[in-house]
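S.K.: So you can see what is in the structure, the chains are spelled out below.
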Amino acid sequence: MSELASTTGRATVAARRRKRRGSVGAVARHLVLIAFSALALFPIYFMVVNALKTNDDFASNATGPPHHVVWSTFRGAVTGSDMGKWLLNSLFITVASVAISTALAALAAYPLSLMRWRPGRLVTSVLIALMVIPPIVLIIPLFQMAADLGQLNTYRTVIAIYTGIMLPFSTFLLASFFSTIPRPLLEAARMDGAKTWRTFTKLVLPLSLPALATVFIVQALWVWNEVLIAVVFLQKDSLRTLMVGLTLFKSRYQIDVPVIMAGMLVATIPVLLFYLAGQRFFIRGLTAGGTKG
Amino acid sequence: MRVGRLTPWVYAAPMLAVVAAIFAYPIVSLVRYSLENVGTSAYVPTTFAGLANFRFIFSDSLFVGALENNLKLFLCVPIMVVLSIILAALLFDRPRGWKVYRTLLFLPYILSIPVVGVVFSYLFTYNGSANETLRGLGLGFLAKDWLGSTTWALPTIMFVIIWKELGFGVIICLARLMSANEEYFEAARVDGAGWWQRLRHITVPQLVPAIAFYAVVELINMLSWVFAYVYVMTLGGPQNSTVVSEYYIYEQVFQNNVIGIGAAAGVVLLGVVSVLIIARLRIDRRLAAFAYE
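Protein sequence lines, in the order shown, are assigned to chains A and B.
Under our numbering, read the first sequence as residues 1250 to 1542, first letter to last.
Under our numbering, read the second sequence as residues 5 to 297, first letter to last.
These are computed hints drawn from the structure, not numbers from a lab.
These numbers were taken from a predicted model, which means no experiment stands behind them.
Do not take every clue at face value.
[Claimed, not checked] Under 8 Å between C-beta atoms, here's a sample of chain B residues computed to sit facing chain A: (1) 11; (2) 27; (3) 122; (4) 126; (5) 171; (6) 175.
Where a beta carbon is used, it is the ideal one built from N, C-alpha and C, also for glycine.
Work the whole structure out from these sequences, hints included.
M.R.: Spelled out as structure tokens, the structure:
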């Protein structure tokens, strides 16, 4: 049945395509889309071509491809800085805070979406409101608090703050995914004598693996790219995250742009690969709020 | 699901505890700091300041200018909305290769602001690719030092913000269109409605909820999440022309060490954001009514 539906769907699409082919409208459409795609891609092109140039080549030719390709810029970027260390720092902070936040969010989303719980509605509205609090206003008191407790320049503090700031979003998102689990499944599990915890671990979580992946990826992207909190709370050079390190990198290598571009490219490739591999999770997670209603 | 009275609390407790520590406690402290001359050492004790901090920031042209800059950033939002609608509508007709276009258009959204900011700051130097392109098109008289000019630095940052956030809007609008009923579009096509007519009378009305969501999210972003752009591209310069409220707060607290003043500015920012939260709830309610009609 669904196969049939999708075949007819494809047939209509193909028919529409045929009808339009060759028309002026179709050409104009592609021109607009190509122009915007090129604009979207241009900074990556700029990074790639300039990472492969010598500094002299860059000075005379900033936009075109290199006259002859050099690879030494990458060595300069990686060995001339603490980039390897920054990369590991970012990786550790991202994985730790996202893992903790996802776990706590899943636990809290369970009663919010699937249990009879009167204050649940209020908790959900508060979470929605908290999602838009500017981080800078939280950081002022948190900084004083961390200073008083002697916890500045520690990963613990940064991980706790990232976890807290992500929790309203991740809890809300997971709760809305959990609430799509069919009620009869839950009732059946209960009939079989499963306790609340068993239902959670044996039914809710396994059914929600794609949702968990989505939440994990969206949060990881945010932590990986975050700057403000990392700048304020990790002030020792050896503790820096990659994104903050890169910002400093620019002032250190001001004159050697190709080395900077090589560094930027090395930092961007993991995110790009991650995006291309898990695109549907990204898109679903980021649009979850917008398509409803 | 029917459970014991305390069970939901047990599951939600860890999340609620972290959220209280990272949001509730700091917000209370922030309000307290805003009424104090916060001491920086044992020799400079904290004293009660009343409303002096608020009087100071509203007479400080830098803070007023920062708020104005945030308001100017709001101008990005209508541009992003219009472009998102057009691009989503073009993609929705599923032209050949639309999935590739979608992947490319969304790409800027996942790149990190430091990388994007550094690359664009090279593109926009006086001899950079942007001016080179203008000269190539015979528009050399338009070439300028984009980020070095007090007139053009903020519009240049706005361009980069639009460049980076546009893909998010396209994806939200496209997802909304794809979940809408195909029949409307098919009927309009059968009736021989042109592209613009379909866009005005069918696509845009279908997109209202998605546009409202995107617009409010981006308005909030323009207030609460633009620190990294300014920090990476201009550090508030030239001549403070690109200072936004987040950056003002950051400078007062972490560079000038006047925590009370930064906190007062934080309270004002929080107030403005709260208005948007209320607006958002209003919009949601109106849309709900609209959906039932």
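S.K.: I'd like to know which numbered hints this structure contradicts. Please list them from smallest to largest.
M.R.: Checked against the structure, no hint fails, so every one of them is satisfied.
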